Amino acid sequence: MSPGAKLQFADSQNSSNMLYWSKIGVPDPFIAFEIEGKRTAVVNPLELENMRQNSSFDEIINIDDILGLGKNCDPAKVIKTIGVRYDVSSWSVPYNFPVGLWKKLEAEGVNLSICTRECFIEERTIKSSAEIDYIKEACEITAEGLALAQSIIADSTIASDGTLTSSGHRLTSDYVRREIEIGCAKNGAVAQNTIVSCGRHSAQPHNVGKGPLLANEFIVVDIFPRVRATGYHGDMTRTFIKGTPSDSQVNLYNAVKKSQASSVEMVKAGVLGSDIHANNLTLFSELGFSTDTATAEGFFHGTGHGLGLDIHEFPGVGNTKTVLQNGMVITLEPGLYYKDIGGVRLEDVVVVRETGCEMLSNFNYNWVL
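Oh and the sequence shown: position 190 is 315 in this note's numbering, straight run, nothing missing.
Hints may be right or wrong, so weigh each one.
What the hints assert, rightly or not - Within a straight-line C-alpha distance of at most 20 Å, the following computed DMTMM-like cross-link-like pairs (lysine to aspartate or glutamate) qualify:
1) Lys131 to Asp212
2) Lys446 to Glu390
3) Lys393 to Glu256
4) Lys131 to Glu231
5) Lys446 to Glu243
6) Lys311 to Asp299
7) Lys148 to Glu479
8) Lys148 to Glu256
9) Lys131 to Glu184
10) Lys382 to Asp435
11) Lys148 to Asp465
12) Lys205 to Asp190
13) Lys382 to Asp372
14) Lys335 to Asp286
15) Lys382 to Asp400
16) Lys464 to Glu438
17) Lys205 to Glu184
18) Lys446 to Glu422
19) Lys163 to Glu247
20) Lys335 to Glu304
21) Lys202 to Glu233
22) Lys131 to Asp299
23) Lys228 to Glu243
24) Lys261 to Asp465
25) Lys335 to Asp212
26) Lys446 to Asp400
27) Lys148 to Asp286
Calculated from the structure, these hints are not laboratory results. Please read all numbers here as calculations on a predicted model, not as lab measurements.
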């Protein structure tokens with residue numbers, strides 16, 4: 126018997142766990158499983174030779190050899206047959222396993238269990254040297270997007286109504302976002318939902334921003350592209366002002382910059398992510414910046430998160446007491462948000478090392494443009 130064998134079903138080429146196993150993007154749905162460390166993919170004939178030549182699976186099986194029903198055969202029946210063939214008593218599946226397929230497998234008498242660990246594929250937690258290079262490449266593309274945004278904002282002109290203009294046209298969040306995403310595409314990466322938020326919108330961390338960009342207001346630019354060739358993400362944030370910041374804006378920005386620098390200083394193997402987060406909460410409080418989660422003001426999100434094939438992956442750097450390990454890749458992105466001032470967030474990517482951390486992202490902090 127093979128208790129606890131792992132099963133996956135990819136209904137999209139963007140399934141990160143399946144991409145981790147296969148190392149190539151596959152457009153059609155397919156089934157993969159792992160038994161005693163051996164990974165096998167069951168694919169339709171269209172993908173057979175490509176998978177055999179380019180994927181990292183130990184074995185590739187033609188789906189026609191399972192039930193002889195062709196690529197449109199019921200995946201539940203295929204999985205049931207695989208279980209019988211390989212003497213599997215129960216499959217462990219990830220938390221996002223398709224619920225419809227789960228119900229069909231139940232009806233077929235197949236035993237499933239949701240993986241209770243935070244990582245279905247535990248080795249994804251520690252990045253290989255190749256993965257670190259992929260993430261660094263993604264961060265370089267991200268930095269080029271930030272440089273483009275910084276240049277557009279810096280070169281803009283302040284109109285009499287307080288809006289920013291470029292080449293005689295009003296500068297908007299949508300325009301800057303579009304230019305960033307085009308730039309990322311030219312560099313081989315897909316950037317979606319890029320944040321370019323100004324003024325009151327910047328006080329809402331995930332508001333992508335809309336409308337005209339304003340002088341003397343915070344402009345938060347958060348870019349997290351995925352490199353097409355590798356599937357790995359970059360993730361960086363900078364906050365800018367075109368014009369002259371007020372004293373309160375200067376104090377807010379400096380507090381966040383101090384918090385981020387302190388976070389970087391604390392990162393090393395053996396440290397709890399929750400200790401880094403708690404340090405930021407304490408630091409902000411000591412600097413006079415209170416947090417009210419009921420009104421969503423202050424510092425009310427985590428300090429950071431894991432980064433790789435997913436934009437948010439294990440480990441989180443927040444309230445969860447996760448011990449950082451050598452080779453983990455995380456972001457550090459403290460922020461402060463107030464409705465009457467706006468928001469500031471600064472984000473970089475680091476890899477955890479035994480005695481500190483290594484920066485994977487590299488971009489300046491010039492914020493008054």
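Hints and how they fare:
1. Lys131 to Asp212: It holds: about 13 Å lies between the C-alpha atoms, which stays within 20 Å.
2. Lys446 to Glu390: holds (18 Å)
3. Lys393 to Glu256: Holds. Lys393 to Glu256 sits at ~19 Å (cutoff 20 Å).
4. Lys131 to Glu231: holds (16 Å)
5. Lys446 to Glu243: Cα-Cα ~13 Å, so holds.
6. Lys311 to Asp299: This hinted pair holds, its Cα atoms lying about 18 Å apart.
7. Lys148 to Glu479: violated (28 Å)
8. Lys148 to Glu256: holds (11 Å)
9. Lys131 to Glu184: holds (15 Å)
10. Lys382 to Asp435: Violated - the C-alpha atoms of Asp435 and Lys382 are around 26 Å apart, more than 20 Å.
11. Lys148 to Asp465: Not OK: Lys148 and Asp465 at ~47 Å, beyond 20 Å, violated.
12. Lys205 to Asp190: holds (14 Å)
13. Lys382 to Asp372: holds (15 Å)
14. Lys335 to Asp286: holds (17 Å)
15. Lys382 to Asp400: Roughly 18 Å separates the two Cα atoms, so the pair holds.
16. Lys464 to Glu438: Cα-Cα ~29 Å, so violated.
17. Lys205 to Glu184: holds (18 Å)
18. Lys446 to Glu422: violated (24 Å)
19. Lys163 to Glu247: holds (15 Å)
20. Lys335 to Glu304: This hinted pair holds, its Cα atoms lying about 14 Å apart.
21. Lys202 to Glu233: holds (8 Å)
22. Lys131 to Asp299: Cα-Cα ~43 Å, so violated.
23. Lys228 to Glu243: violated (23 Å)
24. Lys261 to Asp465: Judged against 20 Å, a Cα distance of about 36 Å means the pair is violated.
25. Lys335 to Asp212: Answer violated: Lys335 to Asp212 is near 56 Å, above 20 Å.
26. Lys446 to Asp400: Between Lys446 and Asp400 the Cα gap is close to 8 Å, so the pair holds against 20 Å.
27. Lys148 to Asp286: With Cα atoms ~52 Å apart, Lys148 and Asp286 exceed 20 Å; violated.
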